[in-house]
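J.: Listed below, chain by chain, are the residues.
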Amino acid sequence: MILTGTAHVYGDNIDTDRIIPGKYTKTLNMQELADHVFEDLDPEFRAKLTAGDILVAGNNFGCGSSREQAPLALKKAGVSIVIARSFARIFYRNAINIGLPIIEIKDHTINDKDQLKVNLSTGEVENVTKSLKYIGSEMPSVMIDIINDGGLVPYLKKRGTYQLV
Amino acid sequence: MGQTLVEKIISSHSGKTIQQNEIAIVNVDAVMASDTTAPLTIKSFEEMGGTQVWDSSKVVFVIDHAAPAPNERIANLHSLMRDFAKKQGIKLYDAGSGICHQLMVENGHVKPGQLVLGADSHTCTYGALGAFATGVGSTDLAAVLLTGKTWIKVPETIKIQLNGTLQPGVSAKDLILFLVGQLGIDGATYKAIEFTGEAITNLSLDSRLTIANMVIEMGAKAGFVDTIGLELPYEFEPIKADEDAKYESVYAFDVSQLEPQVAIPHSPDNVKPISEVEGSMIQQAFLGSCTNGRLEDLHEAANILKGKRVHPEVRFMIAAASTEVYLQALQDGTAEILTRAGATFLPSGCGPCVGTHLGVPGNDEGIISSTNRNFRGRMGNRNSNVYLSSPAVVAASALFGKITNPKKLLKEAVK
Numbered sequence: 001m002i003l004t005g006t007a008h009v010y011g012d013n014i015d016t017d018r019i020i021p022g023k024y025t026k027t028l029n030m031q032e033l034a035d036h037v038f039e040d041l042d043p044e045f046r047a048k049l050t051a052g053d054i055l056v057a058g059n060n061f062g063c064g065s066s067r068e069q070a071p072l073a074l075k076k077a078g079v080s081i082v083i084a085r086s087f088a089r090i091f092y093r094n095a096i097n098i099g100l101p102i103i104e105i106k107d108h109t110i111n112d113k114d115q116l117k118v119n120l121s122t123g124e125v126e127n128v129t130k131s132l133k134y135i136g137s138e139m140p141s142v143m144i145d146i147i148n149d150g151g152l153v154p155y156l157k158k159r160g161t162y163q164l165v
Numbered sequence: 001m002g003q004t005l006v007e008k009i010i011s012s013h014s015g016k017t018i019q020q021n022e023i024a025i026v027n028v029d030a031v032m033a034s035d036t037t038a039p040l041t042i043k044s045f046e047e048m049g050g051t052q053v054w055d056s057s058k059v060v061f062v063i064d065h066a067a068p069a070p071n072e073r074i075a076n077l078h079s080l081m082r083d084f085a086k087k088q089g090i091k092l093y094d095a096g097s098g099i100c101h102q103l104m105v106e107n108g109h110v111k112p113g114q115l116v117l118g119a120d121s122h123t124c125t126y127g128a129l130g131a132f133a134t135g136v137g138s139t140d141l142a143a144v145l146l147t148g149k150t151w152i153k154v155p156e157t158i159k160i161q162l163n164g165t166l167q168p169g170v171s172a173k174d175l176i177l178f179l180v181g182q183l184g185i186d187g188a189t190y191k192a193i194e195f196t197g198e199a200i201t202n203l204s205l206d207s208r209l210t211i212a213n214m215v216i217e218m219g220a221k222a223g224f225v226d227t228i229g230l231e232l233p234y235e236f237e238p239i240k241a242d243e244d245a246k247y248e249s250v251y252a253f254d255v256s257q258l259e260p261q262v263a264i265p266h267s268p269d270n271v272k273p274i275s276e277v278e279g280s281m282i283q284q285a286f287l288g289s290c291t292n293g294r295l296e297d298l299h300e301a302a303n304i305l306k307g308k309r310v311h312p313e314v315r316f317m318i319a320a321a322s323t324e325v326y327l328q329a330l331q332d333g334t335a336e337i338l339t340r341a342g343a344t345f346l347p348s349g350c351g352p353c354v355g356t357h358l359g360v361p362g363n364d365e366g367i368i369s370s371t372n373r374n375f376r377g378r379m380g381n382r383n384s385n386v387y388l389s390s391p392a393v394v395a396a397s398a399l400f401g402k403i404t405n406p407k408k409l410l411k412e413a414v415k
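Going down the list, the protein sequences come from chains A and E.
All residue numbers for the first sequence refer to this note's numbering, where the first residue is 1 and numbers rise by one.
All residue numbers for the second sequence refer to this note's numbering, where the first residue is 1 and numbers rise by one.
Keep in mind that a hint or two might mislead.
As the list claims (entries may be wrong) - DSBU-like, lysine-lysine: derived pairs with alpha carbons at most 35 Å apart:
no., chain 1, residue 1, chain 2, residue 2
1, A, K158, E, K91
2, E, K153, E, K272
3, E, K43, A, K117
4, E, K153, A, K133
5, E, K58, E, K149
6, E, K308, E, K111
7, A, K106, A, K117
8, E, K402, A, K76
9, E, K149, E, K111
10, E, K111, E, K86
11, E, K58, E, K240
12, A, K158, E, K86
13, A, K158, E, K16
14, E, K43, A, K157
15, E, K246, A, K106
16, E, K149, A, K76
17, E, K272, A, K76
18, E, K16, E, K240
19, A, K113, A, K158
20, A, K113, A, K130
21, A, K158, E, K43
22, E, K306, E, K272
23, A, K158, A, K76
24, E, K91, A, K157
25, A, K117, E, K153
26, E, K159, E, K16
27, A, K48, A, K106
28, E, K272, E, K149
29, A, K158, E, K240
30, E, K149, A, K158
31, E, K240, A, K157
32, A, K157, E, K58
Think of the hints as simulated: they come from the structure by calculation, not from any bench.
No experiment lies behind these values; they were computed from the predicted model shown.
In isolation and in its complexed conformation, chain E is listed as follows (with noise of 0.2 Å):
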């Protein structure tokens, strides 16, 4: 019978054929941890007996959710990362670098075709690259430290095709957002998800990561972005399922008719095409995170803003992904557009996205992020109101003040 993605790569990493439902012990590829989950993965580490992580070429730090420190507690976290990285000689990204799953991709420790645990649910971001990535926690991140492996149970797959051609103004986000509410933040519990068709294989490979970084908001252990159509700075073998593979389910949506789509308060299924939601007042625009804080989503806020001036009572922060992220920005002139347009730049990182540095709302604010979560009490408020949107739509909505569909503000693009 017939692989599927997630069926092939488990073979591969285990050196035998094996099939959904089944268990195996894989070989692990790499391994990434950032300072929400490093300290606990470093304890874990030592009290199993740990000396020398098992490959050190293999294993990477990153400290971003709370970066640079804002208190003294995480300074010495921090500190704790620091001191292990180098005893280790393991590679660790310090404050400001970026956000993790960029680093991760922009600086090849994930490759197509590899088997990838990070101690972050967001690490099913490397799906875009037709890699196996799934977050775990400290602890099973520890043992793969200690032993090079991690054990598995198979997952079945969900096929989704993907027809048509977007509208303009409609991104990837707003793809993934649309699939996230029909599926259901636990659709896709347990399961991979392979994602197909031409609004799929047209896409760029910043919009492949956005829909692959969203597939933990349906449940899903994994997700695959095809790999027709992509472009990476090396050369690569590309993967593909088997014609017979054998699919849990298949959906088809066809998207061309599809709008701007926004989730709503305060769950990420809970989405609702603009229409619905246009007019809702926000005090906070935020774009950025492991989802939307690439060039693509800032160069889309800035064909929006260019010459603009956001609303007077809106605060406009943008966390681009990455260094090199805002190095390109800077380079091409979208940083100074969007800093005339009244945004303020926060270092590379997670803070604002997951409460724990910098952007925190006020009792009763409406905030429109182009994040992932917006689970109640999600960026540091539980009396706050977090509406998520593609960048576009976070861009049009910091010029009105309330959610805007960015349709009518499409000029050319900057670049």
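Excised from the complex, chain A in its bound form (with noise of 0.2 Å):
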């Protein structure tokens, strides 16, 4: 499968938090979660954002609380795919549990409106602004079941339960 869209850069260490506020996680209504999303980190983000966009950050990107309504929030806002340096493991994990993509790329030199181009099959990034590619970090073959099946709630829901090759 394959995405393209524009980056939106954002820094080091973006807590959970700043994803989405604590007050406003006490819901089921996953509209209500996006319309505040990022809203104490950048305001502006749901004014820029088209769906389909990739947000790019650093290094242990949704550090913090284990709220799920972190990665929910992003993917309803339009988020396609989240591209970080590194992943704090609560975040990574509930990310491609609700059917997120997400790619580690420890060293890439993405900047702000750089159009990519994702395969999510090879784990293969293209700056397509800056001709350049990066590879994303391999993922346990569990997690690349649980992708590929579109979530932990379809892995499950197919499988009964958790299987190892």
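Build the complex: two chains, separate frames, hints provided.
T.: This is how it looks when you write it as structure tokens:
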């Protein structure tokens, strides 16, 4: 699967409180989450974002709380994939579990507004603006299965329980 | 080759000997979800086709993050949790009972050597008991409700040796803030941490819980406090890492000269010794949370505030970690000392720490707080400045309206 979109670049250690503040997390309405995504980090983010755009960050993206509302808010807001130099571990699992693709690229040189082309099957990211290519870090096979099934809900619906190859 | 604690516990729960960086499917001993995460857990569980949880005796729900309900929307989410818990025969602690992590420990839902998952990042707190406990999201937790299992990558372990004796007025919170400052907010990402050394093994259970609670602030998957010297209200088998276990790194610190520590805005790893921040003005002081809302913490504050009154321009709020803690503080006079000193007791819960309920600060205000995170907006207002500290520093700062070293105020303990 190939995704193309414009990069929106942020820095290191973006915590889940800044992705979706705690006061907005108590809801099952995904649109309410999306309406407040990044509110305390960049109040303009929602206006700038076009569905299908790509969120890019530095190290330790999604640190802090275990709230799954963080990847859910990003996904509902229209982010197609998150690329970061590294991810905090709970966010990493949560994103994959809810079907928000993410790729870790330790040495990316992506700038704001760069046009990106992502091959989800190979983990290869092309920076069209800069004519550069990056390769995403390898994932555990169980995670690849969860991604291929579309998230943990469809994975378990299909398989009934966890399977290791 | 010898095994670390995390390798031992994951091995015993996966039915085979397993080492760091391998992936295992493990049986889970207990799970917990709060009112921030349980509604999404229920939704995911039902979408997975779940009808009956794998073992209702191993599931705990707690209504603590916005409790009692501040509005209609949240009240209805609480009702959803109650209905599900009733139908499934799950233990539910309702609003006011206390903070999930305190209740899990206090009521024996987690024990040494167990493997426990919670849909809350501070689930790592149970590492104080020598359990492997880690935070997951709602859908991961729903999968445990369905299968009784999860998958896990066995983390490498960082060993932290803490030597020496803490000075009076310096507590476990200062220790863990110091370490978060040293290792950084991602200094232990994906790793487990083992804490050992005399500065640790002399600590009470309350203090050990404070240490384990904040390993997530270094990104850690789990933390283990050495069980030497640990006292629990029941018999338990101590669990020890092998002598020849392999560690990713080993740190040693002598903490004898450590002064109180403060994390300044806006990150828990932005830690300074108190001498560098003394005098910063505060308008609100909060004592509570899963980090520091226990009886020992209330005692520390009462020790400083007995017979005194907090600064007239400071709002001082306390939320005991549980009803049980509150009752003990009532019985031994601590609650009266603190109330007479100007404290307002809030319902036992998480609200002020996470900005969901009560005690939201105003623009440009300074807050000294015994909690675990001071990310921008954490307490509900992005234009406020949250400083993290020990309960003693919270109390001393409340007294003067500015960040104050409690050392000069120390008297004999209340109890």
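J.: For every hint, state whether the structure bears it out.
T.: Results for each hint:
no. : hint            : verdict
1   : A:K158 x E:K91  : holds, 30 Å
2   : E:K153 x E:K272 : holds, 34 Å
3   : E:K43 x A:K117  : holds, 33 Å
4   : E:K153 x A:K133 : holds, 29 Å
5   : E:K58 x E:K149  : holds, 12 Å
6   : E:K308 x E:K111 : violated, 40 Å
7   : A:K106 x A:K117 : holds, 17 Å
8   : E:K402 x A:K76  : violated, 43 Å
9   : E:K149 x E:K111 : holds, 18 Å
10  : E:K111 x E:K86  : holds, 25 Å
11  : E:K58 x E:K240  : holds, 25 Å
12  : A:K158 x E:K86  : holds, 28 Å
13  : A:K158 x E:K16  : holds, 26 Å
14  : E:K43 x A:K157  : holds, 14 Å
15  : E:K246 x A:K106 : holds, 26 Å
16  : E:K149 x A:K76  : holds, 29 Å
17  : E:K272 x A:K76  : violated, 39 Å
18  : E:K16 x E:K240  : holds, 18 Å
19  : A:K113 x A:K158 : violated, 39 Å
20  : A:K113 x A:K130 : holds, 11 Å
21  : A:K158 x E:K43  : holds, 17 Å
22  : E:K306 x E:K272 : holds, 28 Å
23  : A:K158 x A:K76  : holds, 24 Å
24  : E:K91 x A:K157  : holds, 26 Å
25  : A:K117 x E:K153 : holds, 30 Å
26  : E:K159 x E:K16  : holds, 24 Å
27  : A:K48 x A:K106  : holds, 26 Å
28  : E:K272 x E:K149 : violated, 41 Å
29  : A:K158 x E:K240 : violated, 40 Å
30  : E:K149 x A:K158 : holds, 16 Å
31  : E:K240 x A:K157 : violated, 39 Å
32  : A:K157 x E:K58  : holds, 22 Å
Hint compliance for this structure: hints 6, 8, 17, 19, 28, 29 and 31 are broken, all remaining hints hold.
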